[in-house]
Amino acid sequence: PPEEGRITIRYDEPGADRDIPVLSVIDTGIGMDRFIIENYLLKVGRSYYKSAEFLQTRSLLKKQSQDFAPIAEFGIGLMSVFMLGDRIEIETAPWMTNRQDNQRRVLRVDGLGRLIEVTERENFGTPRYYGTRVSVHLASRAGVPPSWKDISAYISRTCKNLAYPLVLEHVSHAGT
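What the sequence shown shows, in the working numbering, is residues 2 to 177, in sequence order.
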């Protein structure tokens, strides 16, 4: 995909359907198939980016003059998201797969250590969905979840010299 719009960070204000904001990080990257979800995403301490499977995928990317340097290292990324909220939704579909699995999946987790609800559906059509969206229903142990102002200020302070530009979206009640 083009570099522009590859990573989007979206903050959805509370609305008629929920009383807390939702923070989403959306990418148009390689996505995940069932094997990657079961063997890496849901396994604490196992990093996909250190695996033979990723090295194979990375080799295929390089053949198409594409590559990236992953920052994930320790296999605790999913657990760390629960510092921001108690409900997480992950939507993902692989860009390509060696296992003939191109399903679009949505995983819903209502708290650390809770059961994970997974829905799957065919992923056909034009354009075909690929990449990953991680949405966190924000909560705060102090009582007030972080605001868009807090989130955007944090991103501005910490996300510097990135390989791809970030697209920041703030969705309010008015839809802006």
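A couple of the hints might just be wrong.
Straight-line Cα separation of at most 25 angstroms, DSS-like style, residue types lysine-lysine; simulated pairs [to be verified]: (1) Lys64 to Lys44; (2) Lys51 to Lys63; (3) Lys161 to Lys150.
Everything labelled a hint here was simulated from the structure, so no lab data went into it.
Outcome of the hint check:
no., hint, result
1, Lys64 to Lys44, "30 angstroms, violated"
2, Lys51 to Lys63, "17 angstroms, holds"
3, Lys161 to Lys150, "18 angstroms, holds"
Going down the numbered hints, you'll see the structure goes against just number 1.
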